[in-house]
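Enquirer: Read off the chains here:
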Amino acid sequence: MIKLETPLTVEKAKTLHAGDQVLLSGVIYTGRDAAHKRFVELVAKGEPLPFDPQDQVIYYVGPTPAKPGAVIGSCGPTTSYRMDAYAPKMMELGLRGMIGKGRRNDEVKAAMRQYAGVYFGAIGGAGALIASCIKSCEIIAFEDLGTEAVRKLTVEDLPLTVVVDSYGEDLYISGREDYLKGKANGN
Amino acid sequence: MREIAVETIIDAIADACIDINCKLPGDVYQRLIEAIEEEDSAIAKHTLDVLKENADIARETMSPICQDTGMACIFVEIGQEVHVNGNLSAAINEGVRRGYEKGYLRKSVVSDPMFNRVNTKDNTPAIISYDIVPGDQLKLTVAPKGFGSENMCQVKMMKPSDGVEGVKKFILQVVEDAGPNPCPPIVIGVGIGGTFDSVALMAKKAMLRDVNSENPDPRYRDLEKEMLEKVNAMGIGPAGFGGRTTALALNIEWAPTHIAGMPCAVAICCHVSRHKEVVL
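From first to last, the protein sequence lines stand for chains Y and F. Mapping of the first sequence onto our numbering: position 127 corresponds to residue 127, and the numbering continues sequentially without gaps. Mapping of the second sequence onto our numbering: position 41 corresponds to residue 41, and the numbering continues sequentially without gaps.
Think of the hints as simulated: they come from the structure by calculation, not from any bench. Given the structure is predicted, the values throughout are model-derived calculations rather than measurements. Even for Gly, the Cβ is constructed at its ideal location relative to N, Cα and C. Every clue listed holds true.
For each label pair, taking beta carbons as the anchor points, the in silico distance ranges come out as: (1) M1/Y x K139/F: 45 to 51 Å; (2) T154/Y x N116/F: 33 to 39 Å; (3) R113/Y x Y130/F: 51 to 57 Å; (4) Q30/F x T9/Y: 42 to 48 Å.
Turn these sequences into a full structure, and let the hints steer you where they fit.
Expert: See below:
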């Protein structure tokens, strides 16, 4: 298990490999479909993003409302491919890490190799458990989007798996191959 | 006629929305535990352990199992001797509105799919399907559906000559296309026959059957078993990290169809397969 802290620099990103189990701590930002659409619209207009993406990690999530006294509601990952259209631009602007679930396309993987990006998988459908790793939560932009608003989170030991590393290795491909090879060899 | 008050329906829907988003159905939970025992990959076993622990925490703290508390899909079977003293669809939507607010559930519905994607902020409208049946009871099945898995469902208008082999190939192709996206282990519902619209509903109803249930027709029951084995030999595994448990169940429903066709629909649900029946 690798302990990792944000910001995620190029140096740190390059030490990570597909299949690594990571406990992530520090500040991360949330953003999903509607927020990403606005990010690229801001960029097109030459306006700044709600946060400086340099060496930052974005979590594709739309949490449930926090109950009274709670930091956040359930907050597992959403499916990442819907952000594929925006991810290369975000990495070009300095974004280093993405947290979600599900496959990424070849353009995203190419951008990850170019900009030393890392794609982490959180376990889909484990939102109640993941909430316990979120220590603070503050809406910093697009409040009108409700669950899709951009939040600044402080996380502690958020359990993640490196799915695609900065070298282009993809656990969704290699993990499945390794499992089937093991089966074929009777392991 | 037996009279049912709209207030009774509103309360039943609201309570069911909260309950089912926080408590994983017993059959699904039990199947998850069995899958942990059967699993032969370490990372897959660990992932399933996490899912069990998550379901436990959700139940104990009445927190949503998953942040995607879904579109509220409501399957209604209304006895023809039932009279509702008001607007039934409006009552169901009001129940969804109250349940999603009171239960701190996520509001995930936009008012227009393309031109104006603005959140309706109360998770309405619900998706309601009606069946009129004999009797004087009202059965409401509340099945919130997340879109990680909903986006992975497919319908194909197959040719009669495609036959059983064509259906088998299509099922495996849909699971392959979905891969890690719909949060495996998944529950698969297959509809065969009927028409373009009815086959999708059939697949949904198959998906909502108890994970231990079997089709009463031995030909379809054998196909369910065969296809579940084939899906679980694909190696996708829990969370898509590789492993045995790609699906918890595969159920098939079928219906008569036209001489020229063999519609087939494959519905996929994530492991948080939520459905709760209320009979009034």
